[in-house]
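> With numbering that gives the first Met the number 0 as the guide, the letters of the sequence shown map in order to residues 0 to 388.
In case anyone wonders, no lab produced these hints; they're calculated from the structure. Please note that a few of the clues may not be correct.
Unchecked claim - Just the calculated beta-carbon pair ranges, DEER-fashion: (1) Lys17 to Val41: 17 to 23 Å; (2) Ile322 to Glu36: 46 to 52 Å; (3) Glu45 to Phe10: 15 to 21 Å; (4) Gly55 to Val347: 49 to 55 Å.
All C-beta atoms in this analysis are idealised placements derived from N, C-alpha and C, irrespective of residue type, glycine included.
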Amino acid sequence: MTYNFPPAVHFGWGEAEKVAGHVKDLKGSKVLIVTDEGCRKVGLLEGVIASLEGEGISFEVFDGVQPNPTDDNVMEGLRVYRETGCDTVIAVGGGSPMDAAKGVILMANHPGRLEEYYGGADPRRPVTDDIPPFIAVPTTSGTGSETSRGGIITDTGENRKRVIGGRYLLPKVAVLDPSLTVSMPPRLTAHTGLDALSHNLEALVVDMYAPLADAFAWQGIRLVAESLVKAFDDGGDRRAREDMMMASTMGSLAFSKGLGVVHSIAHQLSPQTGVPHGAACGIMLPHAIRFNLAEGPAKQRVAIKYAEVARIFGASGEGMAAIEFAGEAADVAHKLLLRLEVEPRLSVWGVTEEDIGVMAPNAMLDHCHPRNPRPCAEEDMVALLRAAL
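Please work from the sequences and hints to get the whole structure.
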């Protein structure tokens, strides 16, 4: 496999207030800040803006990114970038602003239409290195988009999520400032934390020899087990916020291996039914664990890993073989949902049988499930969604 790491990751309290130095290092002269209205309203841009103003660096703010960013969001951000003469992009926010920003930097100098770059590793048009400088400043702890080479964009024509990707879409600099996550409300802390957990756990069971990625995944899982509930209960817990920010970044480094059926389904739930992405991942995780353990050539291999995950989260299993104990991982994941006050039944979120008929075939088109340890057919997608209803 190929590992793509960003050149610089800066971690620490107050790091966002130093962002102007990174812009200068990258020879930027005018910055487009890509964010959402919520981040702007609660003051999460203040440190970044103060830093830029302090160094006399011009900037514009585009705050038109919506949750599950759309192709329209990307093109509107691109319009602002071009019309105001920007040459550098800073994304400030969760996964949505960071993914939208990747669309902006992709289209800034590339020809054609955005949809011609869908497909991740196999787009119709190649992604080249003609990309403006890009700095990512996450304000949540879940997506890990600040250290990933891909972005997820909702195709409004087909109402499903599509991937853009390539090593040139990696941010040049990732600024990890836990202080920006302290104001996250418990609900958002829970949802983003479940996203981080699902990244680490799905990557862990991908059938690929990748010990470096596995090391990130194991440590990311340990950090989530140690600190997600603490951050949910007390948003001001500094160590918990640090741990969750690192778990998020580790998850994105781990999923260089790939992801699985959880994400193929979650990528349909959000645009089709409005279930938040992190919640969708958390809801599907117990069902995916049981599915992967039911049969298939990787059953024994994933059982060993799932059993250890259950132990990390506090389950005992003393004297039990891994194949017997592995199912506890699904129970642990379900109990975590309840502890974080996330409703585990999709029907309560408004998902219907009719929705399943639309989502299952689209999930089969998603780029994640081919790496799932147990092969998935469309009827499996239907069964997994029905199990979660």
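> Output the indices of the hints that this structure fails to meet, ascending.
The structure conflicts with no hint, since it agrees with every one listed earlier.
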